[in-house]
Every structure is written in structure tokens, then in C-alpha cells.
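Chemist: Residues per chain, in single letters:
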Amino acid sequence: MSRIHEIGTRLFKELFKDKRTLAMIFLAPILIMWLMSLVFSSNNSTNVNLGTIGLNNGIRTELKNMDNVKLKSYDNKSQAKKAMNDGKVDVYVTQKNNNLDVTYSNTDSSKTSLSKMGIQNSVTKNTIKQLSNKIRSLTIANQMLKKSNNVIIPQSKANQQKAFHVHNHYVYGDSNTNYFNTLIPIMMAFFVFMFVFLISGMALLKERTAGTLDRVLATPVRRSEIILGYLEAYGLLSILQTIVIVLVTVWLLNIEIVGSILSVIIINVLVALVALTAGLLVSTLAKSEFQMVQFIPVIVVPQIFFSGIIPFDSLPNWLNTVSHILPLRYATEAQSAIVFNGKGLTDVWIDILILVIFAVVLTILNIIGLKRYRKV
Amino acid sequence: MYNRNYEVVSECSLIRKVEYKLQNIILLKDIKKSFGNQQVLRGVNLHVAPGKIVGLIGPSGSGKSTVIKTTLGMEVIDSGNAEVFGKTLPNRKLLSDIGYMAQSDALYTTLSGYANLDFFASMKGIKKNKRNSEIKRVAKVVDLENALNKPVGGYSGGMMRRLSLAIALLDSPQLLVLDEPTVGIDPALRLQIWDELRKIANNGASILITTHVMDEAEKVDEVALLLEGKVMDYDTPTKLKEKYNVNSVEEAFLKAEGEL
Numbered sequence: 001m002s003r004i005h006e007i008g009t010r011l012f013k014e015l016f017k018d019k020r021t022l023a024m025i026f027l028a029p030i031l032i033m034w035l036m037s038l039v040f041s042s043n044n045s046t047n048v049n050l051g052t053i054g055l056n057n058g059i060r061t062e063l064k065n066m067d068n069v070k071l072k073s074y075d076n077k078s079q080a081k082k083a084m085n086d087g088k089v090d091v092y093v094t095q096k097n098n099n100l101d102v103t104y105s106n107t108d109s110s111k112t113s114l115s116k117m118g119i120q121n122s123v124t125k126n127t128i129k130q131l132s133n134k135i136r137s138l139t140i141a142n143q144m145l146k147k148s149n150n151v152i153i154p155q156s157k158a159n160q161q162k163a164f165h166v167h168n169h170y171v172y173g174d175s176n177t178n179y180f181n182t183l184i185p186i187m188m189a190f191f192v193f194m195f196v197f198l199i200s201g202m203a204l205l206k207e208r209t210a211g212t213l214d215r216v217l218a219t220p221v222r223r224s225e226i227i228l229g230y231l232e233a234y235g236l237l238s239i240l241q242t243i244v245i246v247l248v249t250v251w252l253l254n255i256e257i258v259g260s261i262l263s264v265i266i267i268n269v270l271v272a273l274v275a276l277t278a279g280l281l282v283s284t285l286a287k288s289e290f291q292m293v294q295f296i297p298v299i300v301v302p303q304i305f306f307s308g309i310i311p312f313d314s315l316p317n318w319l320n321t322v323s324h325i326l327p328l329r330y331a332t333e334a335q336s337a338i339v340f341n342g343k344g345l346t347d348v349w350i351d352i353l354i355l356v357i358f359a360v361v362l363t364i365l366n367i368i369g370l371k372r373y374r375k376v
Numbered sequence: 377m378y379n380r381n382y383e384v385v386s387e388c389s390l391i392r393k394v395e396y397k398l399q400n401i402i403l404l405k406d407i408k409k410s411f412g413n414q415q416v417l418r419g420v421n422l423h424v425a426p427g428k429i430v431g432l433i434g435p436s437g438s439g440k441s442t443v444i445k446t447t448l449g450m451e452v453i454d455s456g457n458a459e460v461f462g463k464t465l466p467n468r469k470l471l472s473d474i475g476y477m478a479q480s481d482a483l484y485t486t487l488s489g490y491a492n493l494d495f496f497a498s499m500k501g502i503k504k505n506k507r508n509s510e511i512k513r514v515a516k517v518v519d520l521e522n523a524l525n526k527p528v529g530g531y532s533g534g535m536m537r538r539l540s541l542a543i544a545l546l547d548s549p550q551l552l553v554l555d556e557p558t559v560g561i562d563p564a565l566r567l568q569i570w571d572e573l574r575k576i577a578n579n580g581a582s583i584l585i586t587t588h589v590m591d592e593a594e595k596v597d598e599v600a601l602l603l604e605g606k607v608m609d610y611d612t613p614t615k616l617k618e619k620y621n622v623n624s625v626e627e628a629f630l631k632a633e634g635e636l
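Protein sequences appear in the order of chains L and C.
Residues in the first sequence are numbered consecutively from 1, following the numbering used here.
Residues in the second sequence are numbered consecutively from 377, following the numbering used here.
Chain L extracted, bound-state conformation:
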């Protein structure tokens, strides 16, 4: 037991001598998450420049009343086309009788869908307005008719149609909740995974290439004591890192966590243990630090794609199945439940169990894997 602790202590001492690595562990996630929050929240206001050519006035007024649409009118199509090539308009609309011809530059899909929606809405609104105008004139005519018959009918309430007001209620967050907020549980787990994976893998790799691993193995230490020593040091480190990341999320980025923060930390520490054991195992396949970095696109990046950034139901079936072998899937599943729905650890016990199994199996594989360097 004491050897495990001695190895852990030594790793910790080494880490704290290495200021740059420490900065990477603690500052890099903060920086990246802050940048992401900036980038994704600015995405909220998409503005569309819309060119119109001989458009029906009613529709044009409706379009004009829309928030994110700016109108420009052109005399003919070629003028509008030129404006589009110069990047001055994103869409232009021409009217021929009852047909609207809409041309999108389609370089920004969010602008395309916004203008599609805008035009559709304007057409609908315009039609409704025309209809209600007709109805009004009909009722007025009707009343006139009835008045002349001296029958007084109380003004029907239907006439004073009250417009519907929509009140929005949010289960999670508020009207300012954007794409970034929903990414948070994924990002937290992902950062913990990536940094712990890299740093622990590098540490064992360095120990191997420097020959200190051989030297440690030339003492009566058990192989399991070495791996557990690594788990001790990097487990502790990942607890610290997770606390930093969670606090940044809550205080600096103002992200709401409905469930308990402690549960979030526990899930992330589990993620760290899986990442740690995965990093150690993968490092035995790498011959140099550069080769270790090459594992990022192979092992780390796929995890982020299949961890809920794209909803699982929209993935092709086989891909959805494949994503079950990636530990980050379970981590984000559990984390989303805690962060968004306020679930407790007992509600996500299956995910926790799977993460624990990942960590245990990888640990055992590591202990066996060290046999490559010493046979007993």
C-alpha cells in the first residue's frame, strides 16, 4: 500500500515542478470554455438582407416588420443578382402574378432558413390580414343590414378579437439559454477526458522512454502498485481540475446546474479515471510523445462527436450502436440528466456503473500490459 502512495506522491511532486503542464490542466479549459461561450452566444442574432423586386406591398410590409430582416428594393433581377454577388443581399424575391421566386445565396444555412421562415410567415400573415379585412367588411355590411331592421345585437365579443399572447416558460435556463449552454455537460466531460488522457499517457510514456519505468520495475514493486499509484496522483489531480471547471461553469459563465454540483464533480472524476486508464494503456502503444498526440484524432475526437452534440436519435442506427462503446457517451448522458433535469446520482446509476466498469477493466488491462516490461 505504501508504495502506491509513494508513487502517487512522486508523480504529484513532478507535476508541481512542471508549471506549464499545470497551467494547461487548469487554465486551458477555462480559456477554451470562455471563448466558446462568447462564440456561441454571439450566434444568436442572424441578420438577413433581403432584396425585393416588384413585391406585393402587403407581404413587403410584413417582411419589413420582422426583426432581423432588412429590405432593399431593386428594379430588376439583374440588379438584385449583382447585389448578391457583391454580398449586399442574402436573398432576393421576385413576384410573378401569384408566384414568389426566392433565390438564396445559401452560403450561410442559418440565414437561408431564417429568410425561408420569414417569407413564409409574411405570406401567411398577409393572407390572414386580407381574410380578416374581408370578414370585417362582411360583418359591417351585415350589421348595417340588421340595424336597418331595428334589431340591436350586442357587439359580439368575437369582434373584439383579443390577440393571443405567448408566455414562454423554460424548464432549464431562461430566454438567454443558447446552444452553448446545452453543450456544457458535454464540454465539461470532454475537457476532463482530453486533458487527463494526454497528461497521464505522456507521464507513463516519459517514464518508459527515460528508462525510469525499467528501473522502478527492477525493484520488488508490484505492477498493480505502479498503476494504482498513477491512479492516485492523477485521480486527485482530476478532482481538482473538475472542481475548477465546474466552478468556472457556474460562476464565470453563469450556467445553471439544476442538480447538485457534487454529483457533477463525481461524474467527472469517474470520467477522469476512465481517461487516465485509457491514456496509460494507449501510451504503451506509442513510441514517442508525438505518437501519443496522434491518438487525439483517433481516440479523443470521436468521443466528442458521439457524446450528444448531435442528438443520438438523429444518428444513423449503426453509428448510434457504435457510440455505446465510447465512455463519454455515458458520462454526458448522466451529466445532462444532472445538469438539466436535476436528477441525482441514483437516477443515473446505470451510467455510473458502466463508467466504473470501463475504469476497472482498463486498470486490469494496464496491470497486465506492464508485463511487457517485466514478466513478474
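Hint data in this document are derived by calculation from the structure and do not stem from the laboratory.
Just so you know, nobody snuck in bad clues.
Just some of the chain L residues that point at chain C, by a computed CB distance under 10 Å:
hint, residue
1, Arg10
2, Lys13
3, Leu15
4, Glu207
5, Asp214
6, Leu217
7, Pro220
8, Arg374
When the alpha-carbon atoms are kept at most 25 Å apart in a straight line, the in silico BS3-like pairs for lysine-lysine are as follows:
hint, chain 1, residue 1, chain 2, residue 2
9, C, Lys615, C, Lys405
10, L, Lys134, L, Lys64
11, L, Lys19, C, Lys526
12, L, Lys375, C, Lys408
Here a beta-carbon is modelled for each residue, glycine too, at the ideal position from N, C-alpha and C.
Position chain C against the provided structure of chain L, taking the given hints into account.
Modeler: Just chain C now, kept in the frame of chain L:
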């Protein structure tokens, strides 16, 4: 010629057989080991008696490192019999009584010399309250007492080598396995280290040492000439020189290599 050499080897073993049976520190019998298609050891016979310094000499690629890794139990042999302290290898527990120094310095460069020694002392299982005095003792042997608090990254090559040796000396093991221990150490200190090794051997410990420095081969009790995965000759330096009718172990070595 080959036959004659072989006879000499077996004669040696016969003379000492009784002694070995009682107490052989290292006993390797007809060891064979291949890596993939390449056979590195083709039947190595080697024994190290208590209190003896045995030099393992051979060109690179002759299998020196494999012999050393076998005695540490890091490699498992394909066939033959390998024993240390009378117990069949590999055996993890034997390692507590073996001091190993690798060819590379294998140190934690961000940590101080003291922290390095302390860590390896704990790995060897030295009790916490005994570590400090043991660290001071080995540091004195390699003349590093004044540099113990500096980070190893700031050491010179020779200092690192000495620290590496000091780690091997921790806990006064019964067997020292030293892979090129004096590379990069200046002559005065080298003499000092050899004096120390001799003292250790006189106290009853055995030392298996590989070296490229041929004048060091004159200082060992017995020389094993390892060529192409076999111990081609094994004798005291004096007898080897007589046998090949030369003036130095180096020449004996070259002659043995030429006869191959």
C-alpha cells in the same frame, strides 16, 4: 579451438561446483532466448559466486542487455535454467536484494537528487525512518552529498551517472547488476568507485558488471566473454591473458572474436 575453450569453461564449473551448489548468486545454464526470428542468446552459461565481481564483455548486439534483463526477471528465457539466490527466475521478491543500474541514467530530472533516492528507497521497501541515513550513506560513496538538494536536471552527466549508481547501492543489496556504470565518469572518481565496488564485494556481495572500458576488465575477478549469444570464455583476467598469450584482456577479447 572452439572445443578447447568450451572445455576450459566446463573445467571451471567443475572446480567450483560444490561451492555453487551451496551458494551461487547467479546461475545461468544453457539459456536460450529469441526475439521474433532473431536468436539473441544461444545457450549462455554463467555463474557469479558470492563476493566476486564478474565482468560481462562483448560487442553491442552480443546479448549483454538480455543477460542482464534475464537476471532481473524482466525477460523470461525460452529454455535453460536461470537462478538468482538459488531461486528460479523470474521472481519479483528477489529484486529487493538486487541493485540495478541501467545504461541510461533513468532519473526523475525535475526532482532533487534526494527525492530520487528517497523514491527508489521506498520502492525497495526501506522503512521511512531508515531512509535518511541510507541516502546519506550512498551519497557519500558517490561523492554527491553536497548536490543532493539540487534538481537532477541541473546535474552534469557524470553526476547523473553517480546518482544512478547511488540508487543501485541503496539498502546494500547482495547482488549488484551494473550496466556500464562508469561511462562519463572522470578517471579519479572512477578509481574511487572501483575501490568502493571492491569493498562491497569483500563484504560478501556479488557484482555483475558490463563494461566497454577494457582497463576496467582487468579489475574484475572473472571475465565472461560474450560473443554472438554465447559465453565463449570465462576465467580470471590473468588466466585469460595467459591462455591467449596476450598482455591485456582487450587483446584476449579481440583474439577470441577473431577465432570465431
